[in-house]
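Colleague: Chains A and B are the protein sequences, given in the same order. -12 is the number of the first residue of the first sequence in the working numbering; add one for each residue after it. -12 is the number of the first residue of the second sequence in the working numbering; add one for each residue after it.
Possibly wrong hints are sitting among the right ones.
In this list, chains with the same sequence are indistinguishable; a pair is considered to hold if it fits within one copy or across any two.
Unchecked claim - With a straight-line cut-off of 25 Å between C-alpha atoms, the simulated BS3-like cross-links for lysine-lysine are:
(1) Lys64 / Lys180
(2) Lys180 / Lys19
(3) Lys389 / Lys180
(4) Lys219 / Lys176
I should point out that these hints are in silico values taken from the structure, not numbers from a laboratory.
Number of protein chains: 2
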Amino acid sequence: MKDAVEFVSPCPNVVVIGAGFAGLRVCQGLAKVPVNVVLIDRHNYHLFQPLLYQVATAALSPADIAFPIRRIFRYQKNVSCVLGNVTQIDLSRKCLTIDNSQEIDFNYLIVASGATHSYFGKDDWLSNAPGLKTIDDALFIRKRILLAFEEAENELDESAQRAKLTFVVVGGGPTGVELAGALRQIAVKEIQKDYHHVDTSTARVMLVEANERVLKTFHPDLSARALRDLGKLGVEVRLNSSVTSVDDGGIKIGEERIDANNVFWAAGVQASPLGQSLGVELDRAGRVIVKPDLSVPGFPNVFIAGDLASATYGVNNLPVPGVAPAAMQMGAFISKVIAQEIRAVHLVENRPPFRYWDKGSMATIGKAKAVADINGWKFTGFVAWLMWSLIHLMFLVSFRAKVFVMLNWGYTYIFQSSGARLITGEFKPRIHKFRDVTPN
Amino acid sequence: MKDAVEFVSPCPNVVVIGAGFAGLRVCQGLAKVPVNVVLIDRHNYHLFQPLLYQVATAALSPADIAFPIRRIFRYQKNVSCVLGNVTQIDLSRKCLTIDNSQEIDFNYLIVASGATHSYFGKDDWLSNAPGLKTIDDALFIRKRILLAFEEAENELDESAQRAKLTFVVVGGGPTGVELAGALRQIAVKEIQKDYHHVDTSTARVMLVEANERVLKTFHPDLSARALRDLGKLGVEVRLNSSVTSVDDGGIKIGEERIDANNVFWAAGVQASPLGQSLGVELDRAGRVIVKPDLSVPGFPNVFIAGDLASATYGVNNLPVPGVAPAAMQMGAFISKVIAQEIRAVHLVENRPPFRYWDKGSMATIGKAKAVADINGWKFTGFVAWLMWSLIHLMFLVSFRAKVFVMLNWGYTYIFQSSGARLITGEFKPRIHKFRDVTPN
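Next comes chain A alone, as it looks inside the complex (with noise of 0.2 Å):
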């Protein structure tokens, strides 16, 4: 703010909403710009999402991943950083409330508030299988995965045993994938020496996709070399199958039913609700459908950015993909387009279109594979594998945590064994029949 021109005065105020990839971006984009950014978050870091699975999968820590945002904001003195959670916005009074009593108002505003599972209608699936978007559902997968094994080391009744270790992904898109290929890995490699009366490498890994491939927003032939390098990891995919139910003990597809006692839900993504309360038209994913710059038809000074966002771009009108990459080019596109009428370069009438440059797409399959396509360019194996660690390392915030992740991959790489397998929080095992720990 201090060595910015002024030429608005008093100072707008711009409201962002998510420190997501979208939100943290408009934040930094508008560093010299004369406004008040307020940055309001339901958690006090900012979460990388892409890495995940591998808090889930305990090869990472939370902290590994997750970044106060204030830490990220120390230098930039024109943001104010709110946790809290948005309750109620008033576009026409330009103002919006958070934990039903903090009000604030807006001259601009984002909503970046990004995406929650979908259990398309079926709710109740929610408590049997537990999505990933949050670092608590991460946390709760890993106790959920390290408890199976727990449990089947010291579980003589066999079918018992059976369930505990049979693991169901539901979803085949890059989070099924990835976190089906990870199970496998560890089971197979990181911790099968650690268990001395069970043999973990039997466990078994299903991916269910409804689709007729993985990966289907990927081109078919990565589709194709994910599955086949899924297969050689041991990971049973179920192509063109739906879950039809899930309980506590497993699930059914079609009429098969599979015991198992843990399934995890990468299937479907619903927009946040937030994009409900604000009153506007929404797509069947309950995203806000946006204008061609990403504002709210009717509110020129609110915009969309992220997941939330249903926005088309070029001459043929192709959908943005919820992706880390395009949240990032809607966010700085935004800052772009405030920082800009606040210095009276243009009018609210000739704001260009957002345009999305889509650089391609990665997942990775276990260790060491990957799947790439890069500008049209696919890559698969072990470069596709380089390539994925060095870009995500690239993009993780901040240069400690680049430093530690590159560390502990390196580590896990070499000495095959994950850094966090710790059961942390309220658990209680579940055996039916005890092995008998002093056979004599």
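Dock chain B against the given chain A, drawing on the hints supplied.
Modeller: Below, chain B without anything else, positioned relative to chain A:
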């Protein structure tokens, strides 16, 4: 088991309760002895408790100081790890019960289940003055500390803000001194620049001690030095002061009321309730009074080790203190006694007495300061801190931990920014009067 000489057949069962410093050493000492070892713990990890305060103050992640027990015994095939709570012990039937359901027989039993907090009969203080014994305790305290600063930033009501920025640590032993020092350290150095509205360096940290000096088990010169160093850091030390009440808004010291949203308990320890269930003689702190060979009177095959043991040593019958080195020495001693009996080297009647070798004690004060008493040599300041750091790194269980903790400390030392400032789990900020974050 495979390469050990078989003196006894069938293999005797040695059951160890607790995977702390004592329990771990017992198991490790039995590596080449022809016994079945069963190691039972409530958690799946061994916790390096001396660094737990660093998890509570966001310097380290849980995985830096907690190690999967199974991983430690990966290559020691005569150890079976069981995750569970021992709910009953029957010394005469030589049998115990886990989680009210799994029965395990033993030939030898080692109870090393440690200690918990003691509120000196005021158990209702627990909810407002959490103690620091487990990873979950540390994560809870971390959440409370970070949330207090978040709330203070957004709080306009001055007295409410002051209470949020007041931290009381009850108990001037090593844990209390280290926790209080670390609290001032983060408030003054590590987070101050991250808060744009409140000056976190004004945070008041109070250390309350009932005795006339802190670190009362240390040499008086070191207590005096620690008091001075704490003062320089800005910790308010109240000696000869007893807490007379604790509620959710603060404490009373005698008749003086101190408003503080956060009170942490480091004042007293009480032996694990498992001691009581044995039906043998206990001391005032609930510890089992053991014979010179650490066995339970009347039950030569049952040993007590670590904080649960009320043991004495030497001609003057000095009490063995409740510290990690004592626990390790007890564990090693017991494993040796068992090994020799199984190899028929000596009989039960001829067991040697346990001898404690007091190697000294040390405690850090904030960053780069410590006091240490090693074999009668006294060290203070930076030198003592270096020794403290090296010795703690040496005793960390895994190579991975040594590397990562050292790097973490190095990074924090250079960049003055701690690594794990995450608020995880459920929480709800409580603000009395909101600061206007958009001041127009």
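Colleague: All hints, please: hold or fail.
Modeller: Status of each hint after checking the structure:
1. Lys64 / Lys180: Classified as between: cross-chain Cα gap 10 Å, same-chain 52 Å, threshold 25 Å.
2. Lys180 / Lys19: between (55 Å within a copy, 19 Å between copies)
3. Lys389 / Lys180: between (30 Å within a copy, 22 Å between copies)
4. Lys219 / Lys176: within (14 Å within a copy, 51 Å between copies)
Violated hints: none; the structure is consistent with every hint.
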